[in-house]
Amino acid sequence: MRAAVILFPGSNREGDAARALRQATGRAPDILWHADHELPAGVDLVVLPGGFSYGDYLRCGAIAGRAPIMDAVRRHAARGGLVLGICNGFQILCESGLLPGVLMRNANLHFVCRMQHLRVERAAPPFTGRYKSGQIVKVAIAHGEGNYEADDATIETIEKEGRVAFRYCDERGQVGGGANPNGSRNDIAGIYSERFNVLGLMPHPENLIDPLVGGTDGKGMFESLAAFKAA
Amino acid sequence: MKARVVVTLKNGVLDPQGKAIEGALKSLGVAGVASVRQGKVFDLEMEGGDPKVATERLQAACEKLLANTVIENFKIDIA
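In the order they appear, the protein sequences are chains D and H. For what it's worth, the numbering used here labels the leading residue of the first sequence as 1, then goes sequentially. For what it's worth, the numbering used here labels the leading residue of the second sequence as 1, then goes sequentially.
Worth flagging that the hints you see were computed from the coordinates, not collected in a lab. All values reported here derive from a predicted model rather than from experimental measurement. Check the hints yourself; a few may be wrong.
[Stated by the list, open to error] Distance windows between CB atoms, simulated: (1) H:Val30 / D:Arg2: 57 to 63 Å; (2) H:Val33 / D:Glu194: 40 to 46 Å; (3) D:Gln135 / H:Arg4: 49 to 55 Å; (4) H:Val33 / D:Lys138: 40 to 46 Å.
[Stated by the list, open to error] List of simulated lysine to aspartate or glutamate pairs, DMTMM-like, C-alpha gap at most 25 Å: (5) H:Lys26 / H:Asp15; (6) H:Lys40 / D:Glu149; (7) H:Lys75 / D:Glu149.
From the three backbone atoms N, C-alpha and C, an ideal C-beta is built for every residue, glycine too.
Only chain D is shown next, with the shape it has when bound in the complex:
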């Protein structure tokens, strides 16, 4: 598994993503700059990290979604390559057209920074093979714009095709109501692309990889990815 993390001006979780990838794969990812035009040959996974690319100017992820490197990321995804967008990375994926929908201002207008339970809706390689379907995990969230919205037809398609990766829930696995931190449609915390090779999610599994720092519920994702073998 060879991974690359893309650094945009204003990204701030690239170190966390790199640490989680190094821990799981035994290999430090390449760090690429947004102004690059090509991915290094042999990259299996591209990670768009969290942060505030371009200071969230215009709309979250809007300018980063059109950065030069994103053409290479789109080509990589079209070839079936893996792309993981975390938090601001999820916003960038939606703005770049790699995932449908949009992440709007949290319904309660608050920036939420806390631990959050999620239900794993789909446990399957390459992203979540180390989890069990329906498993409840506890990870960190930290965002002001995580309110996932799309038109009714898009939501219906995503649901029908089983493309919801994670939903917000409480510690007992109860989805919705007060467990939804941002008003997201259908309590969606993360979604897959049509071919399940692109995943975007608001929570930060890369911060839950060390028992000394809050738990290890995020490790499953990176261990799943580490087991990925390019076809």
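Model the placement of chain H on the given structure of chain D, informed by the hints.
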């Protein structure tokens, strides 16, 4: 040539910021405001003198970047 692009949320899209402003106006005692929707205004200085060409360029600018057409509408005015 001066141009103005106004980007607004589509009908039916929840606008938490507009709602918060609406609440603030009420608490300030500003009467008669039934609802608030927040949008964005872009003032652009366009090169060349042909409004048709400028409109086409602005249309592209809106579709490529200024508006997220999943949730937003845009309107182009050329002075």
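Evaluation of the provided hints:
Separation of H:Val30 from D:Arg2 is about 58 Å and conforms to the stated range, judged on CB atoms against 57 to 63 Å. The hinted range of 40 to 46 Å is satisfied by H:Val33 and D:Glu194, whose Cβ atoms lie roughly 43 Å apart. In this structure, D:Gln135 and H:Arg4 meet the distance hint of 49 to 55 Å, their C-beta atoms being roughly 51 Å apart. H:Val33 and D:Lys138 have their C-beta atoms about 42 Å apart, which keeps the hinted 40 to 46 Å range intact.
Between H:Lys26 and H:Asp15 the CA atoms are separated by roughly 17 Å; this keeps the pair inside 25 Å, and the hint holds. Only pairs whose Cα atoms come within 25 Å are accepted, and H:Lys40 paired with D:Glu149 is accepted, the gap being roughly 19 Å. For the hint linking H:Lys75 to D:Glu149, the alpha-carbon distance of about 23 Å falls within 25 Å, and the restraint holds.
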